[in-house]
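Based on the hints, put chain B in the right spot on chain A.
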Amino acid sequence: MASLQGLVAQFAVLALTVLLAPMLTGWVNQCRAWLLNRSGPGLLQPYRVLAKLFSKEVVLAHNASPLFRGAPYVIFGCLALASAIVPKIGTDLPLNAAADAIALVGLLALARLFTALAGMDIGTAFGTLGARREMLVGFLAEPALLMVLFTASLISGSTSLATIVEVLAHREFVIYPSLAFAGVAFTMVSLAENARIPVDNPATHLELTMIHEAMVLEYSGRHLALIEWAASLKLLVYSCIGLALFFPFGIAERGDWRGLLLALPVLALKLAAGGFLLALIETLCAKMRIFRAPEFLATAFLLAVLAMLLHVLLGG
Amino acid sequence: MGIEESGALSASLAAAAAWIAIGAAGLLRPASLVLASRVLFPAGAAVGCALAAWALQGVFATPQALVLPLGLPDLPFHARIDALSAFFLLLLGAVAAGVSLFASGYLRPGQGTSPGLQCLYYHVFLASMALVLIADDAYFFMVAWETMALASYFLVTSEHRHEEIRRAGYLYLLMAHIGAIAILLCFGALQAGTGDYTFHNMRELQPGAEVATAAFLLALVGFGVKAGIVPLHVWLPEAHPAAPSPVSALMSAVMLKTAVYGMLRVSLDLIAFPLWWWGVVALVLGLVSALGGIVFAAVQTDMKRLLAYSSIENIGLVFAGFGLTLIFRSFGMGTLAALALTATLYHCLNHAFFKSLLFLCTGSVLHATSERSLGKLGGLIHRMPWVAWCALVGSVAIAGLPPLNGFVSEWLLLQAFLLTPGLPQAYLNMLVPVAAAVVALTAALSGYVMVKFYGVVFLGQPRDARLAEAHDAGAWERTGLAWLAAMCIVLGLFPAAVIGLLDPITRALTGHGMASLAQGWLFLAPLQPERASYSALLFFAVTGLLVALTWLAVRAFYHGRVRRAPPWDCGFPLQNARMQDSAEGFGQPVRHVFEPFFRVEQSAPAPADARPSYTEVHDDRLWHWLYLPLARGADRLTGLVTFLQRGRISVYLSYSFATLLVLLLFVG
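Sequence lines, in order, name chains A and B.
Under my numbering, residues 1 to 316 are what the first sequence spells out, in order.
Under my numbering, residues 1001 to 1668 are what the second sequence spells out, in order.
If we strip away everything but chain A, and leave its shape as in the complex, we get:
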């Protein structure tokens, strides 16, 4: 569907996702505050932070290279595109044909590569430390995510995200062992990839325990705003992948306006539930030592491979 209507729908979805992504971060933080018996800053706090950062000037290290200045835009662009190709409210959008599950993983990896390179650019101790740890998390989490997506593609006979969602949504509702394994693996991977407890702590003040924050320590002003925004988008992308694979109900299959509009509140509800669950996990878990992260991620990777094997063995 490359018609004008499709393009408009695609653009609307993209703009809506990008604009609303920080709200999901706000919601998770709010839930966390509630669970900790605090009152919380409200849903709009991420927007206030972004506005503040955008209007501040950029303080750049003397030896920052053009790569350091360009990276936030590349990272933001990659994640915006990723958020556009994950099926959220409709499967019949023009960009769905441009990239499948493997390309989506590639896109996330591209963003990670640039984040890590930017972390190394200034040449500070924390920057390189963060880059190394981020790549450590990445090289185990990325194949695990790919294996989770492969399990779904083997079930649906396709790596196209739209087809996966359509096939999975039309199966009768029973628990498939392969999908159950994949679901556990996916949860572990998304915690790690979004720099969440137990792998990383997004709110830490202790530099030595940082992963993601350590890489972006040198960023300020609009660059930092873009990176924070990209992090929100990443959280949204992962949530939407999870919803699309494991709860693919209520997604419109044709690009008509009514279907899309109906799918919107369903998505909001699902995201709200997912965000609450994330906050709950974060409140109940303690952060692991960094040396245990490879073990955690290797478990996720093996679970995902097992999920694929189970599908081949049991055909389900």
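No lab work stands behind these hints: they were computed from the structure.
Heads up, some of the hints might be wrong.
Here are a few chain B residues that sit away from chain A, every Cβ distance over 12 Å (derived from the structure) [unchecked claim]:
#	residue
1	L1068
2	R1080
3	P1109
4	A1192
5	S1370
6	S1373
7	I1489
8	G1511
9	V1617
10	R1621
11	A1634
12	L1653
Now the in silico label distances, taken between C-beta atoms and shown as ranges [as the list claims (entries may be wrong)]:
#	chain 1	residue 1	chain 2	residue 2	range
13	A	L35	B	G1585	36 to 46 Å
14	B	A1209	A	I175	41 to 51 Å
15	A	L19	B	A1046	53 to 63 Å
16	A	K287	B	D1609	31 to 41 Å
17	A	K287	B	G1585	17 to 27 Å
Quick reminder that beta carbons are idealized off the backbone N, C-alpha and C, glycines included.
Below, chain B without anything else, positioned relative to chain A:
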């Protein structure tokens, strides 16, 4: 497939002859740097371009054969060009053009081999690779193959004053000859006692399963040595760093591919009916090489060794694709075999470009800083922006990230894996998820390795004071780098065109074309578009558009102000270059996670040591488990016959005479 006659065969022969002539011209004034670098190497690059252009036509033309008026009496050289040869010739020509241009600016008066001699070896090396690709009988093939090995040996040992370079060269020569013996025996098995060593005869014969299996295994050893498949890879990380950078680039980008070519030629063309378990052997060896190669690459501290190990990884992926092709082919699943073969060939092409690009970048860095160790580099993006940006393209491509070329071939390979569960063998079906997992892990690790490589060399603070004097590459070098980088981008953005190019080859070798894989020029879709599709151009355009829009929007709504200040680093006042991760530090997580892969030798200082020193060596276990025992055994065995060594020519001549007599006894 085109019908018109093409001059591709005569053009390739002419190109080989021209390269040899250019090499010989270097001997006119061996000491003259100007002649070699300003006249001969650019001429060689022009020949490469011409060869690529003719080979491009040759891919679509009908096969052509020719008997050359060369060789021994009654044993002439046969030459033939078909789509497969033409494709590899195209790869050779296109890469050689870029590398030769770079070499024009790279040659420096050194203390090693003189420029004229280097020019001779280099061009003979190129010509012999071209001849390997068009050889149509075992005799011609072996002559060209050995010329290639010898020419590259002399190139590797250009700086022969260094002890370790001579050692690397010796190891390379030894391994090359072990491989050559296996290839020779493989051809011997294929001709099945007819005494006719032409490939045409071998195609007609079709030996039985046992002979064919023996031939396949011998080919796997012979070509596997040249390709650097684990466990036959030990020469590669020694020889590639020892050679001058353009030579490393050629060896890694093209010479390894001639081995892939040989493997494809023997097991898909000369043997018409492969057995399914051959594919499993190739697949497993490929996966082991891929994972082992990239894990070792992650812990290297020498940038050229790092790239050499990464070559092992990429060749491993190529062999995995090749194994999958054999499996599909043996079960008669033509379309899937064509898909796997397309992925294999595509990855060969991609690796040729991005690996030569990266090797040439290390060459420029080496010239600018005379430093190969990652521990003493850093921050070169400021001093050498041109090289740094080209290297970034190469790094993103080799990490298999969209929208560059490395991603396309990995995408195709993973698609081929995902289609496997239709195989009639239940156990094979279970192997596939594991294999796909290894490929995915390898791809992710290659991202890690490339961040290490690029980040340590080009980003951060210079780790050595001398780096402040580093200079960017010259005009010749830049042209070569730019050409290779541009090809990485083009091959990534227009996969449909490349697949159109591979179509005649898959048609010839598997009986199925892959033209349907490209849905128009924009989309790439194996089998049906609803199964999977990918459009690199759309992908790139949308990402670019989003990046540009963000940039404009930020400036329109807010501002573009920047203030320069010292780095913050959480307020720590003292910062120096040694506080960054070293190459060892960056590799630490991989060492930790993949500990069983390595043989670790540590020496820690005593607590009261006044001058403490700490060393930790990570070595290949195979070297100690396999090669050293073998070498010791060979040493002991040869020790038994030392009494034959008299050191007098007359004695040796009488040995030859006696051998001749004994042989005559048999023949008579």
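These are the hints, each one checked on the structure:
Interface exclusion of L1068 of chain B from chain A stands, the closest Cβ pair being 46 Å apart, more than 12 Å. Annotated as non-interface, R1080 of chain B keeps its C-beta farther than 12 Å from every C-beta of chain A; the closest such distance is 38 Å. Distance check on P1109 of chain B: its Cβ is at least 33 Å (rounded) from any Cβ of chain A, clearing the 12 Å threshold; non-interface status holds. Even its closest Cβ contact with chain A, about 40 Å, leaves A1192 of chain B beyond 12 Å, as expected for a residue assigned away from the interface.
For S1370 of chain B, the non-interface assignment is confirmed: its Cβ lies about 21 Å from the closest Cβ of chain A, beyond the 12 Å cut-off. Distance check on S1373 of chain B: its Cβ is at least 17 Å (rounded) from any Cβ of chain A, clearing the 12 Å threshold; non-interface status holds. Distance to chain A confirms I1489 of chain B as a non-interface residue, since its nearest Cβ pair spans about 14 Å, more than 12 Å. At the 12 Å boundary, the C-beta of G1511 of chain B stays outside the reach of chain A, the nearest C-beta of that chain being 24 Å off.
The non-interface label for V1617 of chain B is consistent with chain A: the shortest C-beta to C-beta separation is roughly 21 Å, beyond 12 Å. No beta-carbon of chain A comes within 12 Å of the beta-carbon of R1621 of chain B; the shortest separation is about 21 Å. No beta-carbon of chain A is positioned within 12 Å of the beta-carbon of A1634 of chain B; the least distance is around 39 Å. For L1653 of chain B, the condition that its CB be more than 12 Å from all CB atoms of chain A holds, with the nearest at approximately 61 Å.
For L35 of chain A and G1585 of chain B, the hinted distance range of 36 to 46 Å is satisfied, since their beta carbons lie about 38 Å from each other. Taking 41 to 51 Å as the suggested C-beta distance range, the pair A1209 of chain B and I175 of chain A conforms, at roughly 47 Å. About 55 Å separates the C-beta atoms of L19 of chain A and A1046 of chain B, a value consistent with the hinted range of 53 to 63 Å. Range check, K287 of chain A to D1609 of chain B: about 37 Å between beta-carbon atoms, so the 31 to 41 Å window is met.
Take K287 of chain A and G1585 of chain B: their Cβ atoms lie about 23 Å apart, and the range 17 to 27 Å holds.
No hint from the list above goes unmet by this structure.
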